[in-house]
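Engineer: Next come the chains, spelled out residue by residue.
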Amino acid sequence: MKKNEVPQDNADMLEGKFREPCYAVDEDGKYITVPSVGWEAKNVVMQQAWDHIRKRVKEVKRKVDEGKLSPLAYHMEKQQMDPKLLGSYVGLKKKKVKKHLKPSGFDDLSPEMLASYARALNISVDELKCTDE
Amino acid sequence: MKIDFEHNQSAHCENGVTSNLLNYYGLKLSEPMVYGIGSGLFFAHMPFVKVNSIPVTSFRPFPGVIFRRVTRQMGITIRRKKFRDPDKAMKALNEVVDKGIPAGLLVGVYHLTYFPGPYRFHFNAHNIVIFGRENGNYIVSDPIMETPEELSYDDLKRVRFAKGLFAPNGHMYYTLEKPGDIDLRTAITNGIKKSCHDMLAIPVPMFGVKGIRYMARKVKKYPEKLGPEKASLYLGQIVRAQEEIGTGGAGFRFIYAAFLQEARDVLKNDKLLALSENMTAVGDLWREFAITAARIVKNRSNETETYPVAADILFEIADKEENIYRELRKAVD
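Protein chains in written order, with this note's numbering: chain B, 121 to 253; chain D, 24 to 356.
Calculated from the structure, these hints are not laboratory results. Do not take every clue at face value.
Straight-line alpha carbon distances no greater than 20 Å define the calculated EDC-like cross-link-like pairs of lysine to aspartate or glutamate that follow [stated by the list, open to error]:
1. B:188 to B:247
2. D:73 to B:171
3. B:123 to D:173
4. B:123 to D:300
5. D:321 to B:247
6. B:150 to D:285
7. D:294 to B:148
8. B:122 to D:307
As the structure is a prediction and not an experimental result, all values here were calculated from the model.
Construct the entire structure; sequences and hints are all you get.
Structural biologist: Structure representation (structure tokens):
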């Protein structure tokens, strides 16, 4: 890739927080780095990954609304976790976490356990109990 | 207090931390040099290992190996500590930093407050250096960022104890020694030989050049085997691995081409210059693959014929790379 070919396709993926150094050759064929704000091809596949995550979150939210899953399931999915990962934050096996993803298991949770889950998800206990955005 | 530490941005975090720490101790090595000596070039496609139910493709070796290989070649002893107790881990960090020693840390990126939202995945092998404490905040040299950042005590503790794959467990590393006289020629030659081995001779079909062909064969059959939606997700993941933050573009191929240019100046070997150009051309092909793949992802149509087109680019890449590594090995023998 040549210096003047380094793409600058801004889709706000970096939120203006930094530019990414891309390696490219200058007029003399020597490698330099050129800061880039993004590339179309990459934006497309990043967008795809997030669309996929959002779709799954929506699906889980629907099941929570229908009373099939607990709000914990919603927050877990929203933060791209699975029972194993969430369990390792709160010190529980994934089997136990799966129980709490059901409304019945969630309703039985002690205030301490609720606080522990809230801490792991970096939200308040009140937020944990509902599925508001 | 703030240590007089020079922060330089790099494409890849592990290269950057290695380069910035060595620089602090008086040894200037560019990012491509660190990457080449540390034999960062790698390829793996593992359909049986899945993250979020998508097969893993990786353009990098295990986290930590670049740093380890480079410091070992330079003869520097690294002190490492892991912790169970987060508060003890923070206390130990304070002690090191307060003595005026910059400390490397492994952290998870999901809770890194200064990171852009779209890039916050549960990825745990990110490297940063802490080089000061001011007003209760830590001064952070994160090689991905253009300038130093700050993190609060609680935010830093959280990312140091992220859970999941490669959980950092508060991992801290630092050195007290200045690198002695270094034999750059030998370090470069060893680095190149190791990369040629990794790309040509690992006796498993998932790795190196063989791995690229293996992936190409899979990609070709994605639409029939998986249906349009899954096929598109799988294909997109390959491009994400190739172009995610830290590769410098084209799955590290351009950084490696830059390394070969620098290596040529040290080894006075003109063959490396031609091989650098070939590597640049391969990098351009990887980008062509990404463009083709992104087009497929975006259309989501039933143009099944585009998967074979993408696969053919991968086959071409594999052939060209195989040639480069064979020539490269001969060139440094």
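Engineer: Each of the hints needs a verdict: does it hold here or not?
Structural biologist: To see whether the hints hold, each was checked on the structure:
This hinted pair checks out: residue 188 of chain B and residue 247 of chain B have alpha carbons roughly 19 Å apart, not beyond 20 Å. Using a Cα cut-off of 20 Å, the hinted pair residue 73 of chain D and residue 171 of chain B holds, with the two alpha carbons roughly 19 Å apart. Between residue 123 of chain B and residue 173 of chain D the alpha-carbon distance is near 32 Å, which puts this suggested pair outside the 20 Å criterion. Straight-line distance between C-alpha atoms of residue 123 of chain B and residue 300 of chain D comes to about 15 Å, which keeps the hinted pair within the 20 Å bound.
Between the alpha carbons of residue 321 of chain D and residue 247 of chain B the distance comes to roughly 35 Å, so the proposed pair goes past 20 Å and is violated. For a cut-off of 20 Å, the pair hint linking residue 150 of chain B to residue 285 of chain D stands: about 10 Å separates their Cα positions. A threshold of 20 Å between alpha carbons decides the hint, and for residue 294 of chain D with residue 148 of chain B the separation of about 18 Å falls inside it, so the pair holds. Distance restraint check for residue 122 of chain B and residue 307 of chain D: the Cα-Cα separation of roughly 10 Å lies within the 20 Å cut-off, and the hinted pair is therefore satisfied.
Of the numbered hints stated above, those contradicted by the structure are hints 3, 5, listed in ascending order.
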